[in-house]
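Participant: Here is what each chain is made of, one letter per residue.
Protein chains: 2
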Amino acid sequence: MKTLIIVGHPTPDSSATQQFLKAAVQDLSGVKWHELASVKGNFVANEERQLLQKSSRVVLQFPLYWYNVPDLLKRWQDQVFTDINQVSLAGKELGIVVNVGKAVQEFRLGGTVGFSLSGLLSPLAAWAKHFQMKLLPLFVIDRFEYQNLKQQQQLLIAYQQFLELPQPVTFAAQEAWFLDKLKAKVDLASGRQRQQLELIMQQLQEKTTKLADLQAVLRPIRKDDQIHGN
Amino acid sequence: MKTLIIVGHPTPDSSATQQFLKAAVQDLSGVKWHELASVKGNFVANEERQLLQKSSRVVLQFPLYWYNVPDLLKRWQDQVFTDINQVSLAGKELGIVVNVGKAVQEFRLGGTVGFSLSGLLSPLAAWAKHFQMKLLPLFVIDRFEYQNLKQQQQLLIAYQQFLELPQPVTFAAQEAWFLDKLKAKVDLASGRQRQQLELIMQQLQEKTTKLADLQAVLRPIRKDDQIHGN
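Line order of the protein sequences matches chains F and C. For the first sequence, the UniProt record's numbering begins at 1 and goes up steadily by one. For the second sequence, the UniProt record's numbering begins at 1 and goes up steadily by one.
So that you can see chain F by itself, here it is in the shape it has in the complex (with noise of 0.2 Å):
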């Protein structure tokens, strides 16, 4: 699977929410970081649906402006998908990458905005439906500059984790994905640090099994449950 990040953002140099997602596509080899603001001026239509083509997975990602998609963003959707018949996007996934300025509680009823993130993005949703694409859950970034090193740490999981990892996303890929990353890193570790992240390693996957045998009990009691169950 090839991931096409297209990265809507205005001036991404300036943003740290943006530098922090770049350094978090850096190891991925899979993903295509693909800034909009670096062919500013005019889009070369051509070059740009040729991108596309080329992935499965298309991320549209880019802070919320005036709750919509930022001026840059609609230009490359006005100019490149102008004769709709020369790309053909079916079938692709489309991912949407937000980050918000606003706490993300203020865009539901009743809120500061009183919006909801959903809707105000639906022109992508009705966008992605025009061209046959499947939708994938949106992925809300809240206000990253107030978030602490724990939070920053989970984004940056969830976030490779959107990009990589097939959807709907089940709790053993996620596991397997997670492991297979700190083998990497085993790998390329010495020393004391090998040691270390070759017990936590360790550590892991005694726990993935022991929760695999847990929901090998669990099943039937659920199973059982559904059947008599309320």
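Check the hints yourself; a few may be wrong.
Copies of one chain are not kept apart here, so a pair can be met inside one copy or by any two copies together.
[Said to hold, decoys possible] Here are the simulated lysine-lysine pairs, DSBU-like style, with alpha carbons at most 30 Å apart: (1) Lys129 - Lys102; (2) Lys40 - Lys2; (3) Lys210 - Lys134; (4) Lys134 - Lys102; (5) Lys129 - Lys22; (6) Lys102 - Lys183.
In case anyone wonders, no lab produced these hints; they're calculated from the structure.
Using the hints, position chain C against chain F.
Facilitator: Below, chain C without anything else, positioned relative to chain F:
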């Protein structure tokens, strides 16, 4: 009242719809037609803000591109409203005049678009809410190029009334508006044409009087109905 029309079409000269609407505005003294395409490159934010300050009704007028505002209108929003403290729009009215290339009925649930125009344009509603503007009912132009002469005449009147009449619009206000316009035409006419227009005006006034009489009769009946009714 002063109405400012922000024309967000990137090439209004090539748009039959925009040219039709532009002609409809020629006679209206309190309405300013402002094409964003004329200052395409970079907006002088201060000049744009001053135009807004002078108006009591702001109308955003644009074709729907990819289920959203055109790039040009978004650029205007992103460039002019950077420092939101520099502009006060509180209490002003915001009108939206949108023309669509797909049949309006396709925007309902289960239609080929499947997303409502009110939903797709909710970023503008959130924007209006942000600036404490009063949002007027959405004015939709359904595929202008398919409209026959009669439909275009109806559109012309509805559009002019949307720009000029106090909101919410009443039937009485629409009648008075129509008589005013007719009177202005009579004053300019002469000879046989003037006679004909005077006759039309006379008939319209008679009908208006009859209608007022009928409403006077209906009012107590409706009142009675409200008291005793189901």
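Participant: Quick one: Lys40 to Lys2, C-alpha cut-off 30 Å, is that within a copy, between copies, both, or neither?
Facilitator: within (24 Å within a copy, 37 Å between copies)
Participant: Should Lys129 paired with Lys102 be assigned to within, between, both, or neither, using CA atoms and 30 Å as the limit?
Facilitator: So Lys129 and Lys102 pass the 30 Å test inside a copy (28 Å) and across (15 Å) alike.
Participant: Is it within, between, both or neither when you check Lys129 against Lys22 at 30 Å Cα-Cα?
Facilitator: within (28 Å within a copy, 34 Å between copies)
Participant: At most 30 Å between alpha carbons: which applies to Lys210 and Lys134, within, between, both or neither?
Facilitator: Neither: 35 Å inside a chain and 59 Å across chains, both beyond 30 Å.
Participant: How do Lys102 and Lys183 come out at 30 Å by Cα distance, when the copy is not named: within, between, both, or neither?
Facilitator: neither (38 Å within a copy, 53 Å between copies)
Participant: At most 30 Å between C-alpha atoms: does Lys134 with Lys102 qualify within a copy, between copies, both, or neither?
Facilitator: both (28 Å within a copy, 22 Å between copies)
The structure does not agree with the numbered hints 3, 6 stated previously, though it agrees with the rest.
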